[in-house]
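Asks: Here is what each chain is made of, one letter per residue.
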Amino acid sequence: MLTFRNFNKYYGNHLVLSIPELQIPAGNHWIKGQNGSGKTTLFRVLGGLIPYQGNILLNQSINLQAQPLLHRRHINLGEAAPLYPGFLTGTELINLFAQARKAPADQATTLIKYFNTNYLHQPVRTYSSGMLKKLSLILAFIGRPSLILLDEPLATLDTATVELVYNLIQEYNSKHQTSFLVTSHQDAQMSQLTLTATWLVQNQTLTQLSVS
Amino acid sequence: MIALLRILNKVVVQQFYQLNAGFFLVVFFLSFGIQQSPTMLVSPYFLTGAVTSPVFIFSVLGVFLLYYLKCFNFLLKTIRAPENEYLFITSLFPRRILWLGLALTHLQLFLPALVYTILISYYGLQTAYYWVIGVVTSYNLLLILYTLFYFGRQITQTIPEAADNIILRSGEKRILAHPVLWPLRYLVRQEKVMLGLTKILSLGVLYAFMTLYPYPKYDLRPTFIGFLTAVVTQAMLVQQVQQFQETALVFWRQLPFPRWHRFTYQIILFSLLLVPEIIMVLRLNFNPATISSLIFLVTFGISVISLIYTLLYLKLNQEAYLKWVFFIYIGLLLFLLLHPPLYLLTILLFLLAYSLYYRYYYVY
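Order-wise, the sequence lines are chains A and B.
Note that the first sequence covers residues 1 to 212 in the numbering used here.
Note that the second sequence covers residues 213 to 576 in the numbering used here.
Please keep in mind that the hints were generated in silico from the structure rather than gathered at the bench.
Some hints could be false.
Simulated restraints, written as ranges between beta carbons of each label pair [said to hold, decoys possible]:
| no. | chain 1 | residue 1 | chain 2 | residue 2 | range |
| --- | --- | --- | --- | --- | --- |
| 1 | A | Leu69 | B | Tyr358 | 45 to 55 Å |
| 2 | A | Arg125 | B | Arg433 | 46 to 56 Å |
| 3 | A | Thr126 | B | Leu319 | 27 to 37 Å |
| 4 | A | His185 | B | Glu458 | 47 to 57 Å |
| 5 | B | Phe240 | A | Arg5 | 52 to 62 Å |
Backbone N, C-alpha and C fix where the C-beta goes; we use that ideal spot for every residue, glycine too.
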């Protein structure tokens with residue numbers, strides 16, 4: 001699914017991540033790593049939000065840097081600390097994402113009902129952190145991407161919603177063959193997911209820990 | 213399409229006009245409040261004559277360019293703001309829809325200039341100066357095309373970090389390292405256009421006063437008025453500094469500094485903000501006979517900017533703040549014409565500024 005070749009990410013002169021050669025197959029992957037190890041940077045690179053050096057290919061065909069639009073059509077990102085202008089409503093954001101990603105007609109409505117988010121007509125500034133997280137998850141699941149990146153998706157969510165997220169990941173994976181890269185600090189919770197492999201971001205690189 | 217237009221309208225257009233309400237008020241006042249009917253910039257009498265002058269037309273294009281830079285800077289800052297990162301999703305719309313959205317956004321931001329373009333074109337047609345219509349229309353087309361090209365690229369590509377940012381950052385770190393100077397670092401980094409335009413305006417005004425009424429041919433009052441005007445033009449920068457201090461540097465309030473200490477820091481900060489104007493006033497009027505007056509003038513300028521800053525702690529909205537700045541400016545201008553002892557005025561202004569700061573700094 002993902003191929004890294006001579007990948008380097010610097011902030012100024014400081015090297016944050018370096019992955020000379022790596023293949024990540026399709027499936028569900030858990031990315032572990034300490035705070036500040038570079039997990040979020042990796043996700044922001046894969047999400048097309050920040051530049052990098054080297055090559056990353058999706059499905060051996062889409063070069064993420066050279067084909068930014070195809071890249072964004074195939075990879076969705078749910079951020080660890082989602083941030084939106086306080087004066088917009090969740091509905092406005094969902095409509096934008098649904099139209100931009102040409103989502104199936106009733107997908108947004110289904111996701112809104114699924115996460116029980118009946119507050120989305122209100123401005124984002126009135127949301128609690130959990131409510132905001134649910135909105136960011138809905139936005140991440142909109143469309144039919146090949147890969148969804150979920151950065152700390154379980155943080156600030158209640159137990160019932162965590163279950164909903166697991167079920168949705170399994171459903172997207174089995175029905176639409178969507179792959180997932182997920183970061184989480186909760187080891188116990190991640191064990192409930194059917195994982196393809198576990199990875200560790202450490203010492204400025206990404207290494208495989210185990211294969212299921 | 214509608215979702216895109218709605219988002220761009222709420223995130224860019226509405227925010228722009230809300231944030232710049234004070235700016236448009238001042239422009240409106242300068243254009244209509246202090247102009248006589250024959251010289252009013254929109255009067256038929258004025259425009260019929262003015263469109264025949266290439267100097268006027270190119271001055272208008274210059275003003276359009278400054279206004280365009282203001283709009284451009286706002287749009288760029290909005291698109292790059294962390295809370296607007298989600299806007300990258302708009303790149304997935306078909307290109308013609310994205311460009312249409314950007315074009316409509318540009319037209320709405322640039323509306324005041326477009327209205328004036330239509331007026332000029334109308335009078336160009338009336339006076340058979342057709343080249344005027346050609347020039348202003350092509351100029352507007354160029355600006356809109358540049359907006360589409362630049363922001364289309366900003367949205368659809370992952371923009372590499374500019375190398376000059378790194379150079380600027382290291383320079384900033386060395387020169388503006390002290391926490392007291394962080395607001396200046398913020399201006400240099402995030403309010404470059406506003407800082408640049410303000411300095412061009414204030415130095416231009418000061419230069420005009422000092423060269424049109426040079427000392428010793430005239431007395432020092434025009435220099436005083438020029439310097440006062442240059443100081444007052446910093447009002448929007450002062451507001452940005454205060455907002456930055458009260459949002460990003462809000463922890464500063466919790467640090468155990470007495471108020472006189474904090475006030476002194478502000479004086480140091482504003483003295484540095486006025487360095488270009490101070491250098492200009494000292495260079496152009498350097499004369500052993502005037503040096504003490506110029507030093508008093510510089511101190512007076514710092515006291516004025518400190519007073520303007522402390523006004524912001526009275527919880528005024530932007531319109532009220534700009535009105536107060538204007539009243540202070542007119543009042544001090546009249547005082548300066550009377551040639552009062554400058555040191556006395558400076559001491560009074562510092563005392564007033566400090567009492568306001570002391571009284572209102574910890575009022576939430």
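Asks: With reference to the structure, classify each hint as holding or not holding.
Replies: Now for the hints, and whether the structure bears them out:
1. A/Leu69 - B/Tyr358: 45 to 55 Å: With a Cβ separation near 22 Å, A/Leu69 and B/Tyr358 fall outside 45 to 55 Å, so the hint is violated.
2. A/Arg125 - B/Arg433: 46 to 56 Å: holds (51 Å)
3. A/Thr126 - B/Leu319: 27 to 37 Å: holds (32 Å)
4. A/His185 - B/Glu458: 47 to 57 Å: Given a distance of about 34 Å, which is not inside 47 to 57 Å, the answer is violated.
5. B/Phe240 - A/Arg5: 52 to 62 Å: Holds: the Cβ-Cβ distance is about 58 Å, inside 52 to 62 Å.
Of the numbered hints given earlier, the model fails hints 1 and 4; all others are met.
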